[in-house]
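Peer 1: Sequence:
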Amino acid sequence: MERMSMPSTYAHYRMGQEVYKSLPALARTTINNHKELYDIGLHGPDILFYYQPLAVCTVNKLGYDMHEKSGLEFFKKAGKLFCEADDDDKEALLAYIYGYCCHFALDVSCHGYIDEKIAKDGVSHTEIEVEFDRSLMLKDGYDPITHSLTDHIKANNANASYICRFYDYLTRDDIVKALEGMISYNKLLVAPSRLKRMFIYALLRVTGNYKELHGLLVNYKENPLCSDSTKRLYELYD
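Mapping to the numbering used here: the sequence shown position 237 is 237, numbers consecutive.
Quick caveat, the hints were computed from the structure, so don't treat them as lab data. Since this is a predicted model, take the numbers as computed values, not measurements. We put the CB at the ideal spot given by N, CA and C, even for glycine. Among the clues, some could well be false.
[Unchecked claim] Keeping only pairs whose Cα atoms sit at most 30 angstroms apart, straight-line, the calculated DSBU-like set for lysine-lysine is:
no. : residue 1 : residue 2
1   : Lys61     : Lys21
2   : Lys35     : Lys154
3   : Lys80     : Lys35
4   : Lys90     : Lys177
5   : Lys231    : Lys21
6   : Lys117    : Lys221
[As the list claims (entries may be wrong)] DEER-style ranges, computed between Cβ atoms:
no. : residue 1 : residue 2 : range
7   : Asp86     : Ser109    : 17 to 23 angstroms
8   : Glu180    : His67     : 19 to 25 angstroms
9   : Lys69     : Gly208    : 23 to 29 angstroms
Go ahead and model the full structure; you've got the sequences and the hints to work with.
Peer 2: Rendered as structure tokens:
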């Protein structure tokens with residue numbers, strides 16, 4: 001199995017906060033009551049990539065596989081799950097589904113172009129997405145070299161007990177571990193010092209992940225190879 005690149009994070013979170021502001025009052029109330037689940041849902045199955053991310057395993061493979069399939073399969077399962085759930089659980093499940101819808105919409109809008117850019121210029125998926133994240137963070141007044149991307153991710157049993165229901169054969173503990181990995185690996189990749197960057201690049205080379213994952217470190221300066229893709233992704237994002 002060919003591994004996919006791990007995802008960037010900021011654009012999905014940012015879009016979700018913008019969508020929230022435009023939703024009807026009833027939907028906003030649902031999200032307000034379960035904001036942590038909504039915010040995690042904004043990352044869709046990408047959270048699974050962070051479960052033992054340096055080697056393929058059953059959990060992260062499910063994340064890869066889901067990106068190769070139609071989203072209809074997930075939403076059919078989600079609809080059935082929601083309809084059959086106890087009334088006390090429906091609102092929490094719906095908040096996660098709302099977030100997942102945002103993730104799916106952005107992926108569908110952008111990934112076709114990203115695949116074309118990769119084929120044309122040989123730039124990695126992660127480089128393209130992280131350069132776009134970098135531009136968005138600068139636009140929002142953040143320092144992209146030091147900004148934490150996962151403060152909104154809450155890895156706890158309560159959240160995981162809902163999320164695991166959406167994924168075949170995954171347990172609550174699997175989801176907690178994936179979310180903890182998302183937090184810890186994103187913190188690792190916040191690397192303002194050159195020494196830390198050298199260490200991370202060396203680790204990626206040793207584990208055979210350099211080609212796919214080195215682009216996850218935000219560049220000090222704009223990557224000119226991604227100037228056109230950043231401009232195009234703004235158009236698709238809007």
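Peer 1: Hint by hint, note whether the structure agrees.
Peer 2: Here is what the structure says about each hint:
{"no.": "1", "hint": "Lys61 with Lys21", "verdict": "34 angstroms, violated"}
{"no.": "2", "hint": "Lys35 with Lys154", "verdict": "10 angstroms, holds"}
{"no.": "3", "hint": "Lys80 with Lys35", "verdict": "22 angstroms, holds"}
{"no.": "4", "hint": "Lys90 with Lys177", "verdict": "24 angstroms, holds"}
{"no.": "5", "hint": "Lys231 with Lys21", "verdict": "24 angstroms, holds"}
{"no.": "6", "hint": "Lys117 with Lys221", "verdict": "20 angstroms, holds"}
{"no.": "7", "hint": "Asp86 with Ser109: 17 to 23 angstroms", "verdict": "35 angstroms, violated"}
{"no.": "8", "hint": "Glu180 with His67: 19 to 25 angstroms", "verdict": "22 angstroms, holds"}
{"no.": "9", "hint": "Lys69 with Gly208: 23 to 29 angstroms", "verdict": "26 angstroms, holds"}
The structure fails to meet hints 1, 7 from the earlier list, while all remaining hints are met.
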